[in-house]
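Visitor: The primary structure of each chain is shown beneath.
2 protein chains.
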Amino acid sequence: MYVILVYDMDKRRVVKMLKLCRQYVNWIQNSVFEGEITEVKLKELLASAKLIMDEETDSLIIFKSRQESWLEKVVIGKEKNELDNLI
Amino acid sequence: MYVILVYDMDKRRVVKMLKLCRQYVNWIQNSVFEGEITEVKLKELLASAKLIMDEETDSLIIFKSRQESWLEKVVIGKEKNELDNLI
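Same order as they appear, the protein sequences are chains A and B.
The first sequence: position 6 = 6 (the numbering used here), numbered continuously.
The second sequence: position 4 = 4 (the numbering used here), numbered continuously.
Among the hints, erroneous ones may be present.
[Unchecked claim] As a list, the in silico DSSO-like pairs of lysine-lysine whose alpha-carbon atoms are at most 27 Å apart: (1) A:Lys64 <-> A:Lys80; (2) B:Lys80 <-> A:Lys19; (3) A:Lys73 <-> B:Lys43; (4) A:Lys78 <-> B:Lys64; (5) A:Lys16 <-> B:Lys80.
In case anyone wonders, no lab produced these hints; they're calculated from the structure.
Using the sequences and the hints, build the whole thing.
Guide: Written out as structure tokens, the structure reads:
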């Protein structure tokens with residue numbers, strides 16, 4: 001499965017969340033990630049994310065697509081993930 | 001066509017960008033939008049966005065999906081778009 005993940009977190013928790021998400025998917029912009037992930041790994045990621053988040057104020061949204069090819073990506077301006085792609 | 005739009009802008013330009021995007025798609029989180037849009041309207045949006053952006057430092061990413069049903073959305077924590085949906 002292919003996912004796009006976006007979060008909006010309090011500054012105090014954002015670094016933890018960034019580190020967590022980067023273990024599973026590719027960082028492509030400020031608080032936006034994308035990547036291929038299994039259902040099991042996604043569950044693991046979401047369980048860990050819930051431990052970091054304050055669900056009253058923070059927000060995490062995942063868009064799941066069965067295939068990457070069903071999504072076409074257009075980037076305007078600066079691409080932030082050059083390094084991330086190389087790792 | 002269904003799109004997810006995310007941007008990362010300098011603070012000085014972010015309000016202008018927010019106002020622009022809200023004219024075309026639904027605001028669902030901090031700098032994240034989604035919605036049904038025609039190819040023509042998307043071109044119009046992107047042309048206007050480019051006038052606001054500094055393409056050296058700002059970033060705008062659009063994920064296009066032919067059908068909304070090809071995307072499954074999962075929200076954890078706070079949903080920010082309650083008002084937006086009512087308008």
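Visitor: Look at each hint and say if it fits the structure.
Guide: Hints versus structure:
1. A:Lys64 <-> A:Lys80: holds (22 Å)
2. B:Lys80 <-> A:Lys19: Within the cut-off at roughly 24 Å; holds.
3. A:Lys73 <-> B:Lys43: holds (14 Å)
4. A:Lys78 <-> B:Lys64: holds (19 Å)
5. A:Lys16 <-> B:Lys80: Given that 27 Å is the threshold and the Cα spacing comes to 22 Å, the pair holds.
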